[in-house]
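K.L.:
Spelled out from the first residue to the last, the chains are:
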Amino acid sequence: MSSPLITARGLTKKFDEFVAVDEIDFDVARGESFGLLGPNGAGKSTTMRIIGATSQRTSGDLTILGMDPEKFGPQIRAHLGVVPQQDNLDMQLSVSENLYIYGRYFGLSRKFLKTKIEELLEFAQLEEKRNAKVESLSGGMKRRLTIARGLVSEPEILMLDEPTTGLDPQARHILWDRLFRLKEQGVTLVITTHFMDEAEQLCDRLVVMDKGKIMAEGSPAQLIKDYSTKEVLEIRFGSERNSAMAEQLRGMCDRIEELPDRILLYSEDGEALLEKIYSAGMHPKTSLVRRSSLEDVFLRLTGRTLVD
Amino acid sequence: MSTSNIRQGSLEIVDQEKIISRGSLYVAQARLAAMMKWVWMILAIAVANPVLYLLSIGVGVGAFIDKSAGPAGIDGVKYLTFLAPALLATAAIQGAIDESVFPTLEGFNGWKNFFGMNATPISGNQIATGVFLASFVRVVGTVIIYWFVMLAFGALESSKAWLAIPTAVMAGVAFGSITQAIAGLLKDENMFFVIFNRFILMPLFLFSGTFYPLSSMPSYLQWIGWISPLWHSTELGRYLTYGHALTQTMAITHMVFLLTLLVLGIFFSRRIFTQRLAK
Ligand SMILES: Nc1ncnc2c1ncn2[C@@H]1O[C@H](COP(=O)(O)OP(=O)(O)O)[C@@H](O)[C@H]1O
Ligand SMILES: [Mg+2]
Numbered sequence: 001m002s003s004p005l006i007t008a009r010g011l012t013k014k015f016d017e018f019v020a021v022d023e024i025d026f027d028v029a030r031g032e033s034f035g036l037l038g039p040n041g042a043g044k045s046t047t048m049r050i051i052g053a054t055s056q057r058t059s060g061d062l063t064i065l066g067m068d069p070e071k072f073g074p075q076i077r078a079h080l081g082v083v084p085q086q087d088n089l090d091m092q093l094s095v096s097e098n099l100y101i102y103g104r105y106f107g108l109s110r111k112f113l114k115t116k117i118e119e120l121l122e123f124a125q126l127e128e129k130r131n132a133k134v135e136s137l138s139g140g141m142k143r144r145l146t147i148a149r150g151l152v153s154e155p156e157i158l159m160l161d162e163p164t165t166g167l168d169p170q171a172r173h174i175l176w177d178r179l180f181r182l183k184e185q186g187v188t189l190v191i192t193t194h195f196m197d198e199a200e201q202l203c204d205r206l207v208v209m210d211k212g213k214i215m216a217e218g219s220p221a222q223l224i225k226d227y228s229t230k231e232v233l234e235i236r237f238g239s240e241r242n243s244a245m246a247e248q249l250r251g252m253c254d255r256i257e258e259l260p261d262r263i264l265l266y267s268e269d270g271e272a273l274l275e276k277i278y279s280a281g282m283h284p285k286t287s288l289v290r291r292s293s294l295e296d297v298f299l300r301l302t303g304r305t306l307v308d
Numbered sequence: 309m310s311t312s313n314i315r316q317g318s319l320e321i322v323d324q325e326k327i328i329s330r331g332s333l334y335v336a337q338a339r340l341a342a343m344m345k346w347v348w349m350i351l352a353i354a355v356a357n358p359v360l361y362l363l364s365i366g367v368g369v370g371a372f373i374d375k376s377a378g379p380a381g382i383d384g385v386k387y388l389t390f391l392a393p394a395l396l397a398t399a400a401i402q403g404a405i406d407e408s409v410f411p412t413l414e415g416f417n418g419w420k421n422f423f424g425m426n427a428t429p430i431s432g433n434q435i436a437t438g439v440f441l442a443s444f445v446r447v448v449g450t451v452i453i454y455w456f457v458m459l460a461f462g463a464l465e466s467s468k469a470w471l472a473i474p475t476a477v478m479a480g481v482a483f484g485s486i487t488q489a490i491a492g493l494l495k496d497e498n499m500f501f502v503i504f505n506r507f508i509l510m511p512l513f514l515f516s517g518t519f520y521p522l523s524s525m526p527s528y529l530q531w532i533g534w535i536s537p538l539w540h541s542t543e544l545g546r547y548l549t550y551g552h553a554l555t556q557t558m559a560i561t562h563m564v565f566l567l568t569l570l571v572l573g574i575f576f577s578r579r580i581f582t583q584r585l586a587k
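Protein sequence lines, in the order shown, are assigned to chains A and B.
Per the working numbering, the first sequence starts with residue 1, numbered consecutively.
Per the working numbering, the second sequence starts with residue 309, numbered consecutively.
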C-alpha cells in the first residue's frame, strides 16, 4: 500500500490553556473517504484547520502529502480544496467573481477559469445568479457556492467541514452523490459531520471524536459491530414511568440506555426481545425495532447523544 | 446541485511560482474589484470633498483671514494656498483608513474572507500586502483628483507643486498601514475605531498645523504635530506647493518619519495577519 496522504501522531492544539485537540493519531490513505464524527465542540473544525495547513498545531507530528504544514503551508494548500464550516466568501463580489478570484489565488489562468466557472456554476445551480452579489444569496446558495469554490483548483484532497449543514434534504442528497463521483475519480475526501447518516453514507472509515480525543476508529459497519448490537429496540412508557421500567428491563438484554423520552434496548434480535417484554407483562406505549447506527456507537462511547 | 462531471485531482494546473510572485497582486485585485462596485461613489466623494472644503474654508474663511492678515498673508500666501496641502494630506489619510480598516475588520471578524483566502496557497503576508496595495491605489487616485481641484482653485504656486502628490500619498499610506496593523488585532467590530476617530484622528487633524502654523500653537501642544504624519506631510506639501521655508534637515526628517511609519505599518500588518491566521 502506498504511504498515507495525511499522517497525524499526537496531534494537539491548545487555545491558551484549553485543549481543543488532544493527542490524536490518524492516517488518511489516498482515495479514501475519511470522516471525523463528533458533537459540537469535539474539535473537528480545529483539526480540519490544522490539516488545511492554516492553523498551526501546538504539538505532535503531522505530514500532509509528505510535507510538514508548518514549513510548507502554501505548497500543501495548493493541493487542497477547502469547504469551511462557516462560509467565508467575499461578500462584496458577485458569484462568478468569487470563483474567479479564488481560482486566481491558485495561480490558475484566465482561460482555464473561464470554462471552469461555467462548470461550477452549473454544478452549484447558480447560473442565474452569476452576477448577483454574494450578500444577496440565500444561506443554501452561499453554501453551494462555497462548495463549488472548493473545487475550482481540481484539488487532490477535498476537505469538507459539515458540508450539508444548512442545505435542504434534496440538495444534501445531490451533494452526497457528487462527492461519491469525486471519490470515484480518486479524490481523497476528509469530512466532518455531526450527522450520523452522513457519516454512514459518505465515509469509508471514520474516527469518533469527543472533547478533543478520538474515542474509536473504523468503518461505519465495523464500529457498529464493535460497539453496538445488530438491532435496537426503542420503547416508551411515558416519561414518568421510563425510569422505573428500565430497572425491570435490565438483564433482559445485552445493554440498556435510558434517555429522557425513551429506553434503548440493545439486542441481536429486537422483535424477539419485544415479545419477551410483552410476555413479562409489560406494555410499552410505543415500540420500534431498528438497526444499530453510529448514534448508538457514540452513545455507548460517551454516554451522550450526538445531536441534542 | 447538478450532477455534471467535474474533472478532479489534476495538480498540474496549480502554478506555484506564479502564486509566490503574484499572490499579493491577486489579493489587491480582489479588493479593487470590490471598490469598483461603488467606484462612482468613491469618485464623487473624491471630487466633492476638496471642492466643498476648499470653497468653504479655503475661500470663505480665507477671505476674512486674508483681510486681517494684510498683504503679508499667512506664511506669505493666501489662506487657501496655505490650507490646501493640509487638506490634501487629510484626504489621503481618510481614504487610506477606509480601505485598510474596513476590509481588515471584515476579513478577520465579519465575513472572515481572509480565512477563505488563506485556505488557498495565499499567505498571511500576501493578504496584508494585497490589502495595503489596494488602499495605495485608492489613495493615489484620491490625491490626484484633489490635486487637480487645488490647481483649479489656484492653490498651487510652485513649479514643484506636482511633488505634493507623492508626499500626500506618503501621509495616507503611512497612516493607513498602521491602522491596518491595529485593525488586524481587533477581535470584533467594537468601538475602537469610533474612539479612534474622535480622540486620535480628530485631534491630529486639528492640532497638526492644519489651520494655522504649528509654531503659533502653545509649545505644550506642538508635540502633537511632531507625532502626526499629517503635520510632516503638510510641511513638505507647503514647501512644494508654494515654497514655505523648509531646511533640508527638516525636509529629510519629515520624509524619514513618514517612511519609518510606513515600513513599521507594513511590517506589523504582515506579522499580525500571519500570526492571526495561524491561530
Ligand atoms: N480560535 C479559538 N480560540 C479559542 N477556542 C477555540 C477556538 N476555536 C475553537 N475553540 C474551542 O475549541 C473547541 C473545539 O472547537 P471546534 O474545533 O470548532 O469543534 P467542532 O468543530 O467539533 O464543533 C471548542 O470548545 C471551541 O470553543
Ligand atoms: Mg465545527
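Hints are computed from structural coordinates only; laboratory data are not their basis.
Take these hints with a grain of salt, some might be off.
Reference listing, derived: stretches of chain B covered by chain A, where coverage requires no fewer than 3 residues with Cβ under 8 Å from a Cβ of chain A [what the hints assert, rightly or not]:
id, stretch
1, 327 to 333
2, 336 to 350
3, 407 to 421
4, 451 to 460
All figures in this text were calculated on a predicted structure; none of them were measured in a lab.
The beta carbon of each residue, even a glycine, is placed where N, CA and C say it ideally should be.
K.L.:
A separate judgement is required for each hint: does it hold in the structure or not?
P.N.:
Checked hints:
| no. | hint | in the structure |
| --- | --- | --- |
| 1 | 327 to 333 | holds (count 4) |
| 2 | 336 to 350 | holds (count 5) |
| 3 | 407 to 421 | holds (count 4) |
| 4 | 451 to 460 | violated (count 0) |
The structure fails hint 4 only (numbered hints given earlier).
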